[in-house]
Amino acid sequence: MFFQVIDILGTIAFAISGVLVALEKRMDAFGVLIIAFVTAVGGGTLRDVMIGIHPVSWMTNMTYVYVIVASAVFAVLLRNKINYLRRSLFLFDTIGIGLYTVVGIETGIVAGLHPIICIALGTMTACFGGVLRDILCNEIPVIFRKEIYATACILGGLTYFLLRKFVADSNFIFVIAGLIVIIVRLLAVKLKISLPSLYKDKA
Amino acid sequence: MFFQVIDILGTIAFAISGVLVALEKRMDAFGVLIIAFVTAVGGGTLRDVMIGIHPVSWMTNMTYVYVIVASAVFAVLLRNKINYLRRSLFLFDTIGIGLYTVVGIETGIVAGLHPIICIALGTMTACFGGVLRDILCNEIPVIFRKEIYATACILGGLTYFLLRKFVADSNFIFVIAGLIVIIVRLLAVKLKISLPSLYKDKA
Amino acid sequence: MFFQVIDILGTIAFAISGVLVALEKRMDAFGVLIIAFVTAVGGGTLRDVMIGIHPVSWMTNMTYVYVIVASAVFAVLLRNKINYLRRSLFLFDTIGIGLYTVVGIETGIVAGLHPIICIALGTMTACFGGVLRDILCNEIPVIFRKEIYATACILGGLTYFLLRKFVADSNFIFVIAGLIVIIVRLLAVKLKISLPSLYKDKA
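Residue numbers (UniProt numbering), protein chains in the order written: chain P, 1 to 203; chain D, 1 to 203; chain C, 1 to 203.
In isolation and in its complexed conformation, chain P is listed as follows (with noise of 0.2 Å):
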């Protein structure tokens, strides 16, 4: 039930994203809808479709395309207030790819996957809806260029199969990992923290 909570928070927070890019680039309702629902979607499916989970899980579970849909009608009939909200998104989103992380991961170890390949499928769940959405509206994903994104998905990944060789209690480990990705990213905003680029200039 808490799982859930979390998870619809997460899914509400990557569709409105998925609203907002769509909204500045000008599309229709359509591409608003769909930009929502490959924000929110994209990464598990990616997932899903590589290790061999079919049909892929949203279109399985209905409530994710209803939680989508009325977050993205919500956000567009709100779009001109949504910056209030955007405090709250964060926080959500944030949220999102916590549990997006640790869901991710597990998957690959019901799949029989090497941690290192389950911390991959974690980082990928969590993090390649917002670059599906980017590669959708021609723009160089934005988590390959300046926020502690995925960084904070690896993290806490290697704190799941660390407290694994030492911890039994399954939930115990999915809340700690999960809040390590949570921790890191806030931290990561508040102060400002990025990763640098790596081109330097043949000076």
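Derived from the structure by calculation, the hints contain no laboratory data.
Small disclaimer: the values here were computed from a predicted structure and weren't measured.
Take the hints with a grain of salt, since some may be wrong.
A pair holds if it fits inside one copy or across any two, identical chains being indistinguishable in the list.
[Said to hold, decoys possible] SDA-like cross-link-like pairs, simulated, lysine to any residue; straight-line CA separation at most 20 Å:
#1 Lys192 with Arg26
#2 Lys25 with Ile135
#3 Lys25 with Asn138
#4 Lys25 with Asn83
#5 Lys25 with Val142
#6 Lys25 with Val49
#7 Lys192 with Ala29
Starting from the known structure of chain P, arrange chains D and C on it as the hints suggest.
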């Protein structure tokens, strides 16, 4: 037989629309061929991969391959005269999305999915070839911006499931739902209707 | 053993080509790593997903992961000196596509697909990592515009199936078809041959 002819006409129209966009981007012969292919089979491929049909349909039916290659060669050779064919191409294309929408819906029904998901699959089958074409050509997908295209597919899909409640004859449902897609699109283009951009300046 | 070494050399070359493009786009460390990954395993992933091999190959073979991460770190550290290595990289890359083409073809044969589809799969395996790299970096894929790259793969594929009619020794076929890919590409670059753009001004 009748449906096969329509299917081939749709494939031809999609392939040629790919060639035309690729030529504008000054691609070489290989690029043109690939874009023709992706435009024609991209939507169905995405649908098959997400549901778990593999190998994806076009890999086990050589007709598609031959039709697409022939269409691409034809379009390249006649590229300076193809403007005269725009009207026929538009008609083929519209018939194609009508057919593809219903094919996608029925694939979803066979997979036991919810009607809303089936409509999404139908729309995806009809529209995502064009989306992939535009991404490969580094454009924001045109259907997100200005055409009644997906909307026609969605209306056709709703018709499909509405009829299903009252009518038993599946061929009849197939044809009517496909016709709705075609008529909505023709009317929209004839009457110059398009979805408005939802973007509003904060004036 | 011999093929494994070639496979690793190819993976290294693909990963480094990803790093170089990502650095030019001023991506951060995470972005660079992802692009390296996608370039190296993207083609094979697409092939596996379309045929229905899952989990996709690189997820069950950690060698790829280690080689790609090591190559990316190496390329970033030596980024100002990598120009001296361009000739070796080009050679690795060319050997890599030769190998990947034949691996893709044989995957298709095992799946019982038509020779033309097998050649398409081989070409996809060799080329689509680069296509995905360019899409993620917001460029029109370079292979659609100016390089004899896919054409070499297609010629190698035709050779493969031609030889298969007359020769029984599958290792021999493998090597010769791969060599054709490599030789065609080397010759094309040496002699500065490229496919012409098909665009013609309506003069």
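Results of checking the hints against the structure:
| no. | hint | in the structure |
| --- | --- | --- |
| 1 | Lys192 with Arg26 | between (30 Å within a copy, 19 Å between copies) |
| 2 | Lys25 with Ile135 | both (12 Å within a copy, 15 Å between copies) |
| 3 | Lys25 with Asn138 | both (9 Å within a copy, 14 Å between copies) |
| 4 | Lys25 with Asn83 | within (17 Å within a copy, 30 Å between copies) |
| 5 | Lys25 with Val142 | both (15 Å within a copy, 12 Å between copies) |
| 6 | Lys25 with Val49 | neither (29 Å within a copy, 29 Å between copies) |
| 7 | Lys192 with Ala29 | between (34 Å within a copy, 17 Å between copies) |
Hint 6 alone, counting from the list given before, is not met by this structure.
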